[in-house]
Each structure stands twice: as structure tokens, then as C-alpha cells.
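Asks: Take the given structure of chain A and dock chains B and C to it, following the hints.
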Amino acid sequence: MSRRYTLSDLAELFSVRLVGDGAVEISCVADLEFAEKGSISFFIDKKFQSQLKNTRASAVVISENKLSLCSKPALVSDNPHALFAEIATLLHPDEDMEEDAGIHDTAAVDPTATIHDTAIVAANSVIGAYCVVDEGVYIGPGCVLKQRVRVKAHSKLSANVTICKDCKIGERAIIHPGAVIGSDGFGFAHKDSKWIKVPQLGTVVIGDDVEIGAGVAIDRGALRDTVIENGVKLDNQIHIAHNVTIGENTVMAAQSGIAGSTRIGKDCAIAGAVGILGHLELADGTTINAFSEVPQSIMEPGIYASGTPLEPVAQWRKNRVRYKQLDEMARKLKDIERKLENLDKK
Amino acid sequence: MSRRYTLSDLAELFSVRLVGDGAVEISCVADLEFAEKGSISFFIDKKFQSQLKNTRASAVVISENKLSLCSKPALVSDNPHALFAEIATLLHPDEDMEEDAGIHDTAAVDPTATIHDTAIVAANSVIGAYCVVDEGVYIGPGCVLKQRVRVKAHSKLSANVTICKDCKIGERAIIHPGAVIGSDGFGFAHKDSKWIKVPQLGTVVIGDDVEIGAGVAIDRGALRDTVIENGVKLDNQIHIAHNVTIGENTVMAAQSGIAGSTRIGKDCAIAGAVGILGHLELADGTTINAFSEVPQSIMEPGIYASGTPLEPVAQWRKNRVRYKQLDEMARKLKDIERKLENLDKK
Amino acid sequence: MSRRYTLSDLAELFSVRLVGDGAVEISCVADLEFAEKGSISFFIDKKFQSQLKNTRASAVVISENKLSLCSKPALVSDNPHALFAEIATLLHPDEDMEEDAGIHDTAAVDPTATIHDTAIVAANSVIGAYCVVDEGVYIGPGCVLKQRVRVKAHSKLSANVTICKDCKIGERAIIHPGAVIGSDGFGFAHKDSKWIKVPQLGTVVIGDDVEIGAGVAIDRGALRDTVIENGVKLDNQIHIAHNVTIGENTVMAAQSGIAGSTRIGKDCAIAGAVGILGHLELADGTTINAFSEVPQSIMEPGIYASGTPLEPVAQWRKNRVRYKQLDEMARKLKDIERKLENLDKK
Numbered sequence: 037m038s039r040r041y042t043l044s045d046l047a048e049l050f051s052v053r054l055v056g057d058g059a060v061e062i063s064c065v066a067d068l069e070f071a072e073k074g075s076i077s078f079f080i081d082k083k084f085q086s087q088l089k090n091t092r093a094s095a096v097v098i099s100e101n102k103l104s105l106c107s108k109p110a111l112v113s114d115n116p117h118a119l120f121a122e123i124a125t126l127l128h129p130d131e132d133m134e135e136d137a138g139i140h141d142t143a144a145v146d147p148t149a150t151i152h153d154t155a156i157v158a159a160n161s162v163i164g165a166y167c168v169v170d171e172g173v174y175i176g177p178g179c180v181l182k183q184r185v186r187v188k189a190h191s192k193l194s195a196n197v198t199i200c201k202d203c204k205i206g207e208r209a210i211i212h213p214g215a216v217i218g219s220d221g222f223g224f225a226h227k228d229s230k231w232i233k234v235p236q237l238g239t240v241v242i243g244d245d246v247e248i249g250a251g252v253a254i255d256r257g258a259l260r261d262t263v264i265e266n267g268v269k270l271d272n273q274i275h276i277a278h279n280v281t282i283g284e285n286t287v288m289a290a291q292s293g294i295a296g297s298t299r300i301g302k303d304c305a306i307a308g309a310v311g312i313l314g315h316l317e318l319a320d321g322t323t324i325n326a327f328s329e330v331p332q333s334i335m336e337p338g339i340y341a342s343g344t345p346l347e348p349v350a351q352w353r354k355n356r357v358r359y360k361q362l363d364e365m366a367r368k369l370k371d372i373e374r375k376l377e378n379l380d381k382k
Numbered sequence: 037m038s039r040r041y042t043l044s045d046l047a048e049l050f051s052v053r054l055v056g057d058g059a060v061e062i063s064c065v066a067d068l069e070f071a072e073k074g075s076i077s078f079f080i081d082k083k084f085q086s087q088l089k090n091t092r093a094s095a096v097v098i099s100e101n102k103l104s105l106c107s108k109p110a111l112v113s114d115n116p117h118a119l120f121a122e123i124a125t126l127l128h129p130d131e132d133m134e135e136d137a138g139i140h141d142t143a144a145v146d147p148t149a150t151i152h153d154t155a156i157v158a159a160n161s162v163i164g165a166y167c168v169v170d171e172g173v174y175i176g177p178g179c180v181l182k183q184r185v186r187v188k189a190h191s192k193l194s195a196n197v198t199i200c201k202d203c204k205i206g207e208r209a210i211i212h213p214g215a216v217i218g219s220d221g222f223g224f225a226h227k228d229s230k231w232i233k234v235p236q237l238g239t240v241v242i243g244d245d246v247e248i249g250a251g252v253a254i255d256r257g258a259l260r261d262t263v264i265e266n267g268v269k270l271d272n273q274i275h276i277a278h279n280v281t282i283g284e285n286t287v288m289a290a291q292s293g294i295a296g297s298t299r300i301g302k303d304c305a306i307a308g309a310v311g312i313l314g315h316l317e318l319a320d321g322t323t324i325n326a327f328s329e330v331p332q333s334i335m336e337p338g339i340y341a342s343g344t345p346l347e348p349v350a351q352w353r354k355n356r357v358r359y360k361q362l363d364e365m366a367r368k369l370k371d372i373e374r375k376l377e378n379l380d381k382k
Numbered sequence: 037m038s039r040r041y042t043l044s045d046l047a048e049l050f051s052v053r054l055v056g057d058g059a060v061e062i063s064c065v066a067d068l069e070f071a072e073k074g075s076i077s078f079f080i081d082k083k084f085q086s087q088l089k090n091t092r093a094s095a096v097v098i099s100e101n102k103l104s105l106c107s108k109p110a111l112v113s114d115n116p117h118a119l120f121a122e123i124a125t126l127l128h129p130d131e132d133m134e135e136d137a138g139i140h141d142t143a144a145v146d147p148t149a150t151i152h153d154t155a156i157v158a159a160n161s162v163i164g165a166y167c168v169v170d171e172g173v174y175i176g177p178g179c180v181l182k183q184r185v186r187v188k189a190h191s192k193l194s195a196n197v198t199i200c201k202d203c204k205i206g207e208r209a210i211i212h213p214g215a216v217i218g219s220d221g222f223g224f225a226h227k228d229s230k231w232i233k234v235p236q237l238g239t240v241v242i243g244d245d246v247e248i249g250a251g252v253a254i255d256r257g258a259l260r261d262t263v264i265e266n267g268v269k270l271d272n273q274i275h276i277a278h279n280v281t282i283g284e285n286t287v288m289a290a291q292s293g294i295a296g297s298t299r300i301g302k303d304c305a306i307a308g309a310v311g312i313l314g315h316l317e318l319a320d321g322t323t324i325n326a327f328s329e330v331p332q333s334i335m336e337p338g339i340y341a342s343g344t345p346l347e348p349v350a351q352w353r354k355n356r357v358r359y360k361q362l363d364e365m366a367r368k369l370k371d372i373e374r375k376l377e378n379l380d381k382k
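Chains as they are written, first to last, in the numbering used here: chain A, 37 to 382; chain B, 37 to 382; chain C, 37 to 382.
This is chain A alone, in the form it adopts within the complex (with noise of 0.2 Å):
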């Protein structure tokens, strides 16, 4: 699975500065403290000084300014740990991608689907009426594409994914196991003291350069679509609500929920296990802790969060009471102040 290159020719395909040995072979990354001989690792983080020092890798990717801690072999790069990712992804290319191209015996294709040549569609698989997978896709073993399902180039779906009737998947996709793509939005309208169901009749439209992690469900659309623009990146077990849309390079981390028709800008970081409420919008570049609830739009980008502190059990008690006494203090401090002011007049 992995590939040879010697230093040199890393730094030429990357165009980065070459310090040291050029003729070392590299058939892998590492990281600084079980690297072996053969691997490159990367360095960032003065607190590993030490890791540095010591490793067997052969090289090592850094930036300039910490060049002189460092003896191995190096790639200099202002962006270490982006530079670490690129080689890695050359030594390291993903091994579903590169099965032979085919249909596998017991995948069910059904006969008015469209499936391109170099696509590979795995072992008990499922593609629908009218679905079009295009070239380099690979469908995991236990897919389901319902139907006129689209999957564009060099997409992957990786194992037990199901993508609901009419959704669409942009190029260079990763979706990870679990994974459901255009279930039904959450829609009911209230009659006789009973829940009707409100059919969901939009779909779900997914950019490309997607990552969507074990697990996450995306809901359809109830009459418009729920849109993941390019480039956005999501964590395990996410859950997204109908009509949402996400901006680009946005990344979510995992448990995070957003509720209905919720718009989130561009490049925004929410942390892990966020809930936003429906019907707001965050503007680009907004950050968000993790645990943190949103109840109200967020126009102004900066970094919000909510939350107590984690205590011993015993003083979380304590202060859990006062909590609910914090309107009657406030009160009380307002009197007393008053008082105060009154004596000083005295």
C-alpha cells in the first residue's frame, strides 16, 4: 500500500527547501516517537523537543524558525503539518480506490442505473432506479443509493452508507460508515389531537471535497433542499435538521445537531456536541465551544460558548441551589445597594 521516494524527490514534488541527506528513502510517515527507519515525521510543537531529538525517523518535516532543533534530514515547509498531510496522502493513498474497477457479483444494480467504467461498486451493494455513479467512485460493501441517486467523480462511500432517492454527491467525497444521507425531515402538522405527517419533498445537495463521519445523519429538505456547500467537513454522529445549509469549509465536530432550516456560514469551526436551534443564521467565521447550546442567531463572528464548570459532585450541589435563587440574589443585591446609598446620604 505505501510507495518509495527519497527525500529529494519529495522536495521536488512538493517544492519545498531540502536540509540534509536528499538521497534517504522514505516509504512512510510517522509520528517522532515510534517512527522506524524509512519514515518522515513532523515537527510543530516545542513541547515534543525531546521526540525530536531522539526519533529513528529519517526525516522530518519543519519550519524554518525551528530548523536549528532539529538533526535529521529535513523538508522546510511554513506549513509543517499541511506539508506532513500531502506526503502522507502520497505514501499512504487509500486502498479502496484503488480495487479493480467492476460491479462485484452480489451488489444489486438496478438495470436502469447508470454506472461508470472505472467506478467500483463493492459486495452487497445496492444501486437504484436511475442513480448515475461516475468515474473513480467507489460504492462500499452494504451501500444503499436509492433512487436517481447521484454520486460525482472520485467520490467514496465507505461501507453501510445509505443515500436517500434524489440527493446529490459532489466530487471527491468521503462518507464514512453509517452514514444517511436525504432521510425525512422531522415535519408533522398537529390535527384531531393526532401528528400528520408532512411529506419531505426536497433533497439533500452535497458539494464536493464533503468528509461526512461515521454515523451523521443529513435529513432532506421539506420543500426547498438541505445544501452542503464545498469543501465542508463533518464529524461522527452529526445530525442535520431539513432546509439547513452549511457554507463552505465550515467543520463540525461530532454530536453537534443543527435544528431546521438554520443557515451556518462559511468557514466556521463548531466544537464537538454544539446544539443550534432552527430558523438562525451564523454568520461566516463564527467559532462555537464544545457543549455549547446556540438559542439566537450570531451576526457578529468571534468565539462563543456556554456552559458551567465540571465540579466534585458535592459543591456541584451546592451551587446547582443557588443557581436557581440567581434572580432572587440579583434582586437582593439591588435592595442592599439601595440601602447603602441611603445610609451614605445619611
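Please keep in mind that the hints were generated in silico from the structure rather than gathered at the bench.
Same chains, same label: a pair holds when it works inside one copy or across any pair of copies.
Mimicking EDC-like on lysine to aspartate or glutamate, the simulated pairs with C-alpha atoms at most 16 Å apart in a straight line are:
id: 1; residue 1: K89; residue 2: D67
id: 2; residue 1: K230; residue 2: E265
id: 3; residue 1: K188; residue 2: E207
id: 4; residue 1: K188; residue 2: E265
id: 5; residue 1: K188; residue 2: D244
id: 6; residue 1: K204; residue 2: D170
Replies: Positioned in the frame of chain A, the structure of chains B and C alone reads:
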């Protein structure tokens, strides 16, 4: 997939008053803003008055008291949202339910299972021993029914749904992809510093007209059953622990969870990301706001909430530190009040 | 599915004291309230004393010091819950594990995979290249093992479980439907205003006697491995990020999440819906209450909690506003104290 009616047909079918030209043809529903000719839309919120004015929809569902705002042919209802839902259901029937009946070649159906002639068993699904699948049921691609599962008439399991042994699904259920019904409850006994499994021997019993979202997990009971009563609607990624009961027509939004043996009443509304502890009771008609934590039973119906406000991170950090001092602050406040009283007496 | 023993047989098998008629036949377990003849139940909590009195169970598991409350034949144990669990396991063995060994016709097993003769590979499952499945393993319907997965003896993958490449599952694991082991960790580098993927090259290593709930997602390590040690029990819909380690016999309840590189100690108890930030350490024996947020390492074992109380919504709104004034209130309080001191001095 869509059908064609005149507006008069629809007025007659749903026994509502027609205003304007009954001859207009209606073949689909749409929202006001993006509607095209041939569609019917609905109007409830005065906020969208300009959309109503400019809509290209051929007709609108509207209430009597807003009729004066509308220059389009209209159907008049005192519950426009419900009527719109019913018309949408008529015009856009679920195409999965209209597929040809029968068992797909790639489905694995145990010879002891009973599948009704009118049921649809889709590609690469698995039906276990002694299962019973009733009339008009749709078992979608990749779904798994383990031993002795019963699925009653006209229910739909969308795709990649798992129903574990002995569970019962009522009539007209809709279960979205990735949902799991009847996984083992989380029960262990502590012995010799280890955890040993307590076998989970109950089942899950799901009533009629229940909808279950993508990635929902409903655990089987330990010794009794977990019960989801008629008309309950569960959004995506909800967790229901063993022995829980959810009363009729209760709705729960995404990512909420209920711990073991809790009983939720009828007609409750649990918003998203709510956590409810175990062995509690929630009265009929209780509403819980999004992101709330429910640590005790609620005997009085009403609206309940917990959680702190969202703040810019600098302010949040300050208030967070103060939260830990809350009990101390409350005690200081009392001291001060006493001192002031003493001063007054002087 | 159930077997028959006399109460004497059970007393002998588990080396516990028998009180009363040893000839009664026991074929199943039940709870006190709904037990029928032929069943054995257990009694721990005095709250259920009247159920003990009225039960139709043929026998009861009970501790020495409560024996006087019981008029039924009994097995005496100082750990009745554990003994009950062991009897339940004996009487109600997992029927999946007792199916006929072999590979179902519809399973897709790569020719390079090694499947033990005694293993069960169920319908429409997929076993990838160079996988090794050991003796007595059950690979349920719709499960997918990608390349080079190892599943050790007597483990069970219930249904629709996905194990990604190179991951290792220990002996006697139980993995519930929809769980995903070894999906990519959430790792990206920022370059030219976009996120580029950092390949996730570690794996997931799962010890012996681990149970993993429905819809759980455990990400593979970035460069090292994600490690779940022996005896860990994970409830439904838990998220474990890359490079996390969970120590032996730790239990985690549903919907909790752990961010990247955090190390959880042994014998911890993490309740439901808990969020734990990345790069932290939790001491052995730490307990975290439900719904808590853990933003810092815990070096001292104990019980920790965060979160505010549930309140009627009107009261919640008031206190919520005051929360934002908390720092201001604390400073006012200090001012007042100073003023009062000055008054005292006068």
C-alpha cells in the same frame, strides 16, 4: 410520481371551501417563494405576506381570517398546515410503497418466515426465522430482521434498518435508515472487579403510526418490554434505553436520550438534545425545551428548561469562574443582609 | 431457547446455599411482578417487598440478610444481582451463537480471508481481503469487515456492523447493530483557506470481553491506535475519537463522547451524554455524572458533575439573564463588603 387534480377535486376530496377558479390544475405542492404554475402552496405566517403576493403557485391553502390577503384561488381551512400535509400526501405518495410486490432475488428470506403477497422485500435485505411481514409492508434494501420479528401492515423500513429478535412493529410505521430496534439494554452486574452481562430478555413493542428517525436506537427491555405507543414520532439519533415507555402521540426531536425504565406520558413534546435520567415519570402533556437535562420526575405538565446562555468566550470564562463561587456568594449576601439589619436597629 | 434445571442443580452449579425445596424446576428468569411458575427471580431492594410476597416465581435469588422476608425456595448469595445474571445466561443462551456454523450463500467472503470452521457468517455479510475470523465467532447479517480485520474467538457482531481495515476485535466481544469501528479520525490541516485531509493511518484495537452498543462510532488512530482495553462496556451512540485509550472495565453510558487523544483510566464510570475534551487524562476510578462536560484532566478519582437544574421555563428565563450578570454581581458584592467594613470602622 405526482398526480393531477383540479382545485375543485381537492376541495371536494377534503370537504373544504373553494374560493376562486376551481378549474386550475394542481399536480404538486411547493412553498410560496419557489412555487411554479400547477402547484399549491400554503400561507400561515403574516411575515411571508409579500411571498403570498408574488407567488406563482396556482392556488393557496389559507385560513378564513387571512383570506383577504390572498388574490389566488384558495382552499379555506382552519388548519391550513394539516390540510397542506394531506394534499402533499395525496399528490406525492411514497414511491417505495408503490414498487412491485415481491421478494428481490438478492434478499435472504428464511424459509420459516411468512411474507404477505403484497409486501416488498428489497435487494440484499435479510428476513430471519419465523418473521411475519404483513400486507403492503416495505422492507428496504439492506434491512435486517432477526428471529421472529413481526412487521404489521403498510409499515416501511427505508434501508439498512435492523430489527432484533422478537420485536413487534405496528401498522403504518415509518423507520428511517440506520435505525436499530431491539439491541440489548445496558445491563451489567459487578463481580470480582469486573462487569458481567445481564441478559436482556424483554423485547421492543412499537405501536401504530409511529415514525422513527435515522440512526435511532431503541433497546429491548431487560425482563419486561420497551414500549413505544401509537402515534409517537422520534427524530434522528435518539437513544431509548431498556424498559422505557413513551406515551401516545409524544414527539421527540433529534439527539435526545432517555435512560432506563423512565415513563414518558402522552402528548409530550421533548425538544432536541434533551437528556432524561432513568426511573423517572413525565406527566402527560409535558414540554421540555432543547438542550435540557431532566434529573427528576415531572408530575405537573408545563414547559421546563435548563442550561445557560451563549456568551462571547471572554465573558463566558468570567461568569464560569463565578459560577463556582455561587454558594459562597449566596452566603455572603446573607451576612450582608444581617449586618444591614443590625445597622438599621442601631 | 431455554433449558430446565432443578433449584438444587443451580445451587450446586453456582456453589451457593439452597433454602427450601430443591426439587422445583426452573426454566427461565423473570422479574418478581410478572414471574410465572417455573421461573426464578431476584430480590435486592426492600422497596419491592410486596412484590416478593406476591410473586409467582418458583424461587428467588436473595442475600442472607434479607432471607427472613422470603417464603419461597431461595438461592442465597452476597451478590444476588450477579448470581441472577449468571443464571439468566445459563437459562437463556444467545441463540445467534447457537446457529449452525458456516458461511451463508449470500455472504461475500474474499478468497484470501480465513474463516474458522465453527464460525457463523450470516446472510448478506461481507468479509474483506485477508480477514481472520476465529472459532465460534458470529458475523451477523449485513455486517461488513473491510481488509485484514481480525475477530477473535466467540465474539458476536449482531447485524449491520462495520469494521474498517486492520482493526482488531478481542475475544467474547459483543457489538450491537449499526456500530462502526475504525472510521477515519477527524484530522485536517489548513492550507490556502481550505481543509486538507490528514490520512488516518492507525487502527482500533479492542480487548477481550468488550461490549459496544448500537450506533457507536470508534475512530481509528491518526498515526498510533485507538485502544479499548479488556472489559470495557460502551452503551449506544457513543463517539470515541482518534487516539483515545479507554482503560480496563470502564463503563460509559449512551450518547457520551470523547475527543481525540484523551486517556480514560480503568474502572471509570462515565454516565450518559457526557462530553470529554481532547488531550486529557482521567484517573482510574473516576465517576462522571450524566450530562456533564469535562474540560480538564482529572487526577483525583471521585464523582464529578456539571450542569444547571431543570426549572419551569419562566423561572429559567429569569435566572438565565442573571447568569450573564454573575461576574458583575460578584464584583458588586465585593464593593458592598468593602463599604460595610468602612462603615464598621467609622
